Structures are given as C-alpha cells and as structure tokens.
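Spelled out, the chains give:
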Amino acid sequence: MSAALVRPLQLIYSKEIKSEFFMYRQSPIIRWRKYEEQYQLIGNKCINCNSAFYPKKELCLCGNNAFIKLQFSGEGQLLSFTEIKSAPEEYAFAVPYCLGIIQLKEGPKILAQITDCNGTDLKIGTKVQAAFRKYYKVNDAGIIHYGIKFIPLPKNDDNSNDPIRNNDEMSYKETGE
Amino acid sequence: MPSTNVAVVGIAVTKFGELWSKSLRNLLAESQFAALEDAKLSPKEVDMIVTGNMLAGELSGQTHLGAMASELLNLNIPSYRVEGACASGSLALSAGINAIKAGAANIVLINGAEKMTDIATNQINSALMSASNEETEGFQGATFCALYAMMARAYMHEYSLTRKQLAMVSVKNHKHGSLNPTAQFRNEITVDQVLESTLVADPLTLLDCSPISDGAASVILASEEVARKITDTPIWILGSSIATDSIALHDRKSLLEMPATAIAAQKAYQQAKISPEQINITEIHDCFTIAEIIAMEGLNLVEKGAAGKTVEEGMTYYDGKIPINPCGGLKACGHPIGATGIKQVVEVAKQLRGEAGRRQVANPMYGLTHNVGGTGATVAVNIFKRN
Amino acid sequence: MRRIKFISNINKRTRTSRQPLYISKRRKTVNKMDQQKLNIGIIGFGGYIPQYRIKTEEIAAATNNHDAATIVNSLLIEEKAVPNKDEDTITISVQSAKNAVERANINKNDIGAIYIGSESHPYAVKPSSTIVAQALGMSNQFTTADTQFACKAGTASLQIVAALVKAGMIKYGLAIGSDTAQSKPGDFLEFSAGCGSAAILLGNNEQETAAFIQYTHSITSNTPDFWRRQNQNHPEHAGRFTGEPAYFHHIITTTTKLLEKTDHKITDFQHVILHQPNGKFPLVAAKKLNITNQQLKYGMLVNKIGNCYAASALLGLVNVLEHALPNEKILLTSYGSGAGSDSFIIETTEQITEKQKKAKLLKEYIAKKEYINYNQYRKAMEQIV
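Chains as they are written, first to last, in our numbering: chain L, 3 to 179; chain A, 42 to 428; chain U, 9 to 393.
In case anyone wonders, no lab produced these hints; they're calculated from the structure.
In this text, all values refer to a predicted model and were calculated from it rather than measured experimentally.
We treat Cβ as the ideally placed atom computed from N, Cα and C, and that holds for glycine.
Among these hints, one or two may not hold up.
Here are a few chain L residues that sit away from chain U, every Cβ distance over 10 Å (derived from the structure) [claimed, not checked]:
(1) Leu61
(2) Asn67
(3) Phe69
Within a straight-line C-alpha distance of at most 20 Å, the following computed EDC-like cross-link-like pairs (lysine to aspartate or glutamate) qualify [stated by the list, open to error]:
(4) Lys368(U) - Asp142(L)
(5) Lys157(L) - Asp118(L)
(6) Lys63(A) - Glu112(A)
(7) Lys387(U) - Asp142(L)
(8) Lys81(A) - Glu396(A)
(9) Lys93(U) - Asp123(L)
(10) Lys192(U) - Glu390(U)
(11) Lys63(U) - Glu378(U)
(12) Lys63(U) - Asp118(L)
(13) Lys377(U) - Asp123(L)
(14) Lys45(U) - Glu355(U)
(15) Lys36(L) - Glu175(A)
(16) Lys134(U) - Asp142(L)
(17) Lys377(U) - Glu86(U)
(18) Lys377(U) - Glu65(U)
(19) Lys129(L) - Glu390(U)
(20) Lys377(U) - Asp118(L)
(21) Lys111(L) - Glu396(A)
(22) Lys294(A) - Glu108(L)
(23) Lys71(L) - Glu60(L)
(24) Lys71(L) - Glu108(L)
The whole structure should be built from the sequences, with the hints applied where relevant.
The following block contains the structure:
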C-alpha cells in the first residue's frame, strides 16, 4: 500500500489543509455503538476454549460461537512500535505521535497510540498500561472522540520522592505582610 | 469436462505519476483502447469487463466503474468493478479467469485504474486507511507506513536485516525505474539518500515508501482456443490463487510474515506444477521496502531471514539470479492502487514476450506476480509461462 | 488600624459599602446555626496530575519577561502542570475518579451521582460526567449535571453530592474538580494556570469511611474579579481587584464564619487547605487567620503544579488525606471568582491509613515529570478549547 510522500515537504506538514472530514468520520453514531467496548476495553472470551478477544469476536477459531463478556486489565507489553510523522488528516494535529502493537496480558493483541512518551523512550518489550484519552475532535463544532491509549510504565515503579513530605522546609519562602 | 487454459493476449499500461490533466475516465479509456490495440481486437469482440479499483468512490465520488468501462467501448456487456484494497487488480484478474474457465466468456478485458492526486495528501492518508481495519487500526491513527514500519522494526529485531539492506531494495527498484519509460520515477538513488530522507514512520523514510500515483493498466484474457487464433505470443496463466487473512496486522499470528502470501503461493505453485527455483522473473508488491523483503521469503524465493543478504549481494537486479520488480516495483514505477495488480501482469507478459527493452530479463520462461491488499489481508499470486 | 463592627441577630444592618469585614476579638454572639455534625463519609479519594511541566522561568524568557526571578518570588510558583495534547477535563477526571473508586472499595454500580466542577468542560452542552461515567464503567442509574463556579466548582460539586448522600437519595456519589486551565498568551495568568483533577467519593458506609465531612459553610457574592464569556477561549480578570475584595475577603470571611458557628478555633486543626491561585495569596491569608506553615504543609501544591482551578482545593484535600493520621481535623476553604467560598471541616477516622495505600498517590504523579518548552506548551494549549 502506498504512503503519501511525493509532495513537497511543506504539504506534508501543512496545517492549512482544513477540511470537513469525510462523512463517516463526522458521524457520532458509528463510534457511539462501540463506546462501552472502546472506553472500558471490553472484549469477549470463548466459553469453549477460553481464548480472549479484543474487540469481541463473532466466531471463535475453535469453531464455537458462544462467548462471555471480558474486561481487560489494560496491562500489556509492546511487540512493535513506530513514531508517525505523516498522519491521516484527523490526526494531523498530533504529529509526531507513537503507535504500537501491544500484547495484552490476557492474550489478544491491540493496536493503539502510545502517549506520554517520546519515540526514543520505547523498546520492544516495554511494559504499558491503558489510559483513557482524547482521540480527535471533528473540527471545532463537532463531536470529540475518546478512547484507549497506552502509557509506558517506568522501569522501577517505586521511585517516588515526595517533594513535600521529604522536605521539612517549606519549598517556598514565607512572606510577611 | 476439464476447464480451459487461459492466456493473456493483450497488454497495456499508461504512464504512472501525477497526471494532472487526466481524469479517472481518461485513464481507463487510454488503457482499454491500448490493450485492444495490442491484442488487435475490436471492442465488439469483448465478452466481459472486470475493473479493479479501490478509492474512486471516496476520492472522485464515482463508483459504478463497471458501467463506465463498458460505456467507453460503447458496449452493453456484463462489466464489474471489484475491490480488494491494493489487490483490486489481481482480484479483477481472478474474476476474469474464473469467468473464462466457467465458460461464461471467451474474451475478458481486465482493467486496473486509480486516480489519487486530485486530493490533498493527509486526506489521502485517511482515505487509504479504509483498507485497514477501520475501527481498530484507522481510528487509532495508523497509516500504512506506520503498520509496515512496525513490521520492519519487529523483523529487524528478530533477524539480522540491516537498515542498509532495506534501503538497497529501494535503490534497486529506482535503477529499474530508470530503465522503464512509463515509470513515475526515472531517477537513480543511493543508499545514503534513502537513509537521509525524511522519516515518515520510524524507521521508514520517504524513500522506503511507494508514492501516490495516477495510472491504469489493462490486459485481455482469452480461452485457449481463442488465444491460439488471435496471437502468436499468448502468455499462459498456469496458476492463479487468492488467499485472505485478518484485516488488521495485529490480529495475525505474527508481525514477521504474511501467512496469506505463503498460502496463495503454495496453491499457485501447485496449480502451475513448478517450484520457486524455476521462476525467472517476479513482480513483488513492494508498497514499502520491508514488504519486498518479507514477500521474498513468503514466496519461497529465499530462505527465512536470508532476504536481506540476497538483496545486498545484488541478486535481485533484472540481470541477477533472482530478478525482482524489473519495472521498478511500486516504489519507482508508481502505485495507482487498483492498477498495480494488472501492471504487474503486463510487466511479466512483456518480459516473457521479450519486449521489455533495456530492462529485459534474459530468456525468462516463468514469471510470478504477487499483489497484496492492506498489510496482507488479501494476497494474490499468479504464475505465467511463455508460449 | 482595625475596623470593628458589631453584628447581632436583632439589628441586622446591611452594609452600604463594600468594606472588608474584620473579626472582633470581643464579639460573643454569632448567628445561631445548627451545629449538628453532618457525618457524611468520605469513602474514596484520588487525584491526577499530567506528567508535563513548564518552568516559570521558561515562560518568562519566552514571553520576553526577563524578570523571571521577580516573578517566581512574587508568585511562589516554580513550575506548573501541562496537559498532553490528548488530555482534557474529561480524561483527567476519569483518572482521578478511578483512583477514588479504587480506594473506595465499593461496587461501581452503586454510585448514584457524579458531579464534575470545571471551567474547562469540553462541551458547553453535554455534561463531561456522561462520558466520564461511561469510561469508569458505572451503570447508568445515576444523576448528574456539570457545575461551573471558577475555582470552587469542585467544592460546589462536593456540597451537592454530600447533600444527596445525607438526604439518603443516593448510596454513593462522586464529586470531582478538574481543570485544564486556559490563559491568554502573554497574560500574567500564564504563569499560574495549571492542570489537575481530584475526586472524592462520598457515601454511607461505616466500614469504608476514611473521613467525615462534619460541617460546611459557603458565602457567595456578585464580584466581577475574573470571568469568561460563553464564546471566549480565555478568561478576563480585573487585575489587583482579584486580591483584597475577592480572594482574601471571601476566604477569610467564610473560614471565620464556619469556625464561629461550629465553635472551633484555628488551632483545632492539624491540616488547613486554602485555594491556591498562586503560592503567595494563601500564605497572606494564612497569616491573617493565624494558620501556621505546619498546618498548610500538605495542602499546598501550587508551587509544583500551578493553580489547578476547580481542582486546586480538592487536590490539597486529596494530598492531605493521603498523608493524614487517624483522628485528625482538616479545614478546607476554596475560592471561586465571581465570587464565592466553600469551607469544610473534615475529621479523619481510624480507617484512613488503610485507604491511603490503595491507589496511586498524588505525590507520585507530582514526582513523575517531563519538562517542555514554551512552544510545546502553546501547542498543547491549542488543543484545549
């Protein structure tokens, strides 16, 4: 599949190409159907072979079509990632942003943006955690789309220093009147 | 009653590139007329038309291309448009082959056409994502470059493919493009230029990625009986197979391969009753440099993990041991989406006929085309033999 | 020279001019109000601060305000929190609410109300809480409406939810204060407008109660110190008028009133939280109210995160709750321009210690930071409209 890049550089980074997004991207209804799934990371699990799927699967690989709802913990690790410099129009404002394929703890793989990081922070195998974030808005008057992105977890989690408690002196100067 | 063999009896391809003054209709017309001329057939002799195209609806507001193709020839015959993302052309070919084998037609005109450059770049980026899983990939902000970039990263992490070897795929294709008069890019490039060009989706740069293009290609298929009557150089279709897989990259079992490629290839080799070593010229779907690497292995042209080395040793040039993409591939020849699958057939046919001019592969007997939709959700493999 | 006025129940005179009201040491009578404890349980609490920070000196340099040192000294803000391009009041509320719910240890489906106070709701019509509730996975058996009252929208929400719980109309309720504060480029507010969210979960559940809201008092006036018109991106303010007649008058009056009517002295409290528009104002107000630095210690976060507007006072409360010992008394007074103040007396229980460990601590969010420059800051702010 082709990418986008014969044009002069200024067009690649141009923000002046304002547009009314193509019809389906303006419809709030298409996304509304999947709010619960998308916001809460809910998929399903086959009752026959216990395979987990996100988003929910219609027909399991084992041939069974009966499932139960399953909410994922949001924990996972990066199988691969990239930093995008040339984006589709609805995400042009966000460039550069990171995209990753994450293996969720419960099994299935998911594609999502990795946020609160630079491309250089990421490695294959980095542990990530789901977070609720804004995707994009359909221009200034349109609906705002939300969903799940992932944040890389710091290497050592217990590395918190209290700027207040550990420092008995006030961190600001007292003033008199 | 055994089904008939099918041959390619006419071929044509337009120039690929930013063809400002040509509309989709103009391209379709040009390509169809040229193919008929090449086959020395008149429009009235065509029984059926199948046209492959992906984005005419979204980018031109024009669907119903079957009727357009037919009206251009002033005909009332059955005419279809088929879509399979970037494999649309091959799906059109497949439909034509099936129609002939079923006895529903004797002469079928197959088109592939695409008009992309009327629309702004980042809007095209969005439109292209309809070939991905819209909800789980497009909506998340993916582009195809990003998806293939992730495959590249995973592949480089797993095997010893170097960034330089990846770049050499592009260098080779540009060399071929310089030898192809209808290619979009005729300039040769260097490895350094590839590495230093703008990052699009890390680690892929501008020169790792195929461009946005306009263009059309057509072939005419005929049943064996008819083919022998109308031409001395029928190009036989020995094997033609399609395989599909999950739309989304992350729904497949591995980021390092395209299972559909192996499945389609195996079926095609079986039908053709030949082995990969016998293939003399291959047209691979190099939408991104990494795609050519992965496909070389999926088609069994080289061993798993060995593609990088093979490229580095120069074996995939048109005059090398395993010629790949002598027309310049998608990278240099251009990638008008629906047209690519048919352009590949045109190139193989040209080579097998000995009409490829400066990029002629020496004495080829068998040729293979490999056409992919999305990141491997549809893969078509066709095997051809000269008469 | 202090001005002294007598106020008695019988002879209520309306003041004809707006004079600051000072407290007389000699006055004995107060408006007799119901002094019964409310006993409204705080079951869960949690906060969220985005990870990006911009230093005051960075803003000063970029806006050609070379006197960075003076600004830092006058505002006592070193750096402030900045939302990422994909964060807004809704997403940060989800985060703080998740932490509060984790601490609460209850069934989410029993939450009967959610009120979010903010001056940066993404929609003017469509409550942020509808989206937050769905992201949390709450059932849809709840009531809601968004609130706005500048920086006291969070505590206003707290009072609403407290009342619903006390009235027995709901079992549990979430009160959230969140803001991704906007400021005009080059305006002085740029140095302080920060970003954060704090959530308090209230309910009737002895076992899970970390603290009780015992008393509350509010005053409201029509004071044009700071406002934003419907279709404007940035607020306007009246300069120095935002001090004495606005912030100080309301904070001091409300706090004093609450202490009076509930028969408390300022020394009764181990922790005091005041709204923090900058690092200086609360210290000045504290001096007037005889609040010590020790009492202010855990409630003052502005130096590191800026003024989080509707979240400011509640974030102070969350930090206090995350550090407080059992059986301590907390005094909280918020201030919202326009103007008004809500004051609360809160008492911690034995169960608070257990609750503290149950979710990510605010201090962890504050410690996790990435500095950005002014350009990046303005790009992030472009997304907040």
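For a C-alpha distance cap of 20 Å, please report whether lysine 93(U) and aspartate 123(L) respect it. holds (18 Å)
Hinted pair, alpha-carbon criterion (20 Å max): lysine 63(U), glutamate 378(U). Please report holds or violated. Given pair lysine 63(U), glutamate 378(U) holds - Cα atoms ~11 Å apart, limit 20 Å.
Checking one constraint from the list: CA of lysine 129(L) to CA of glutamate 390(U), max 20 Å. Satisfied? Given pair lysine 129(L), glutamate 390(U) is violated - Cα atoms ~30 Å apart, limit 20 Å.
Quickly compare the C-alpha distance for lysine 81(A) and glutamate 396(A) to 20 Å and report which way the hint goes. holds (17 Å)
Agreement of lysine 377(U) and aspartate 118(L) with the hint, judged by alpha carbon distance not exceeding 20 Å: This hinted pair holds, its Cα atoms lying about 10 Å apart.
Taking 20 Å as the top limit, are the C-alpha atoms of lysine 387(U) and aspartate 142(L) close enough? holds (16 Å)
With a cut-off of 20 Å on the C-alpha distance, tell me whether lysine 36(L) and glutamate 175(A) pass. Answer holds: lysine 36(L) to glutamate 175(A) is near 13 Å, not above 20 Å.
Is it true that the CA of lysine 63(A) sits at most 20 Å from the CA of glutamate 112(A)? The given pair, whose Cα atoms are some 18 Å apart, holds under the 20 Å limit.
Taking the minimum C-beta separation from phenylalanine 69(L) to chain U, is that value above 10 Å? Consistent with the label, phenylalanine 69(L) stays out of reach of chain U, its closest Cβ about 19 Å off (over 10 Å).
Taking 20 Å as the top limit, are the C-alpha atoms of lysine 368(U) and aspartate 142(L) close enough? violated (34 Å)
Does asparagine 67(L) clear chain U by more than 10 Å, comparing its Cβ with all Cβ atoms of that chain? holds (26 Å)
When you check the alpha-carbon spacing of lysine 377(U) and aspartate 123(L), does it fall within 20 Å? holds (14 Å)
Going down the numbered hints, you'll see the structure goes against 4, 19 and 21, while the others check out.
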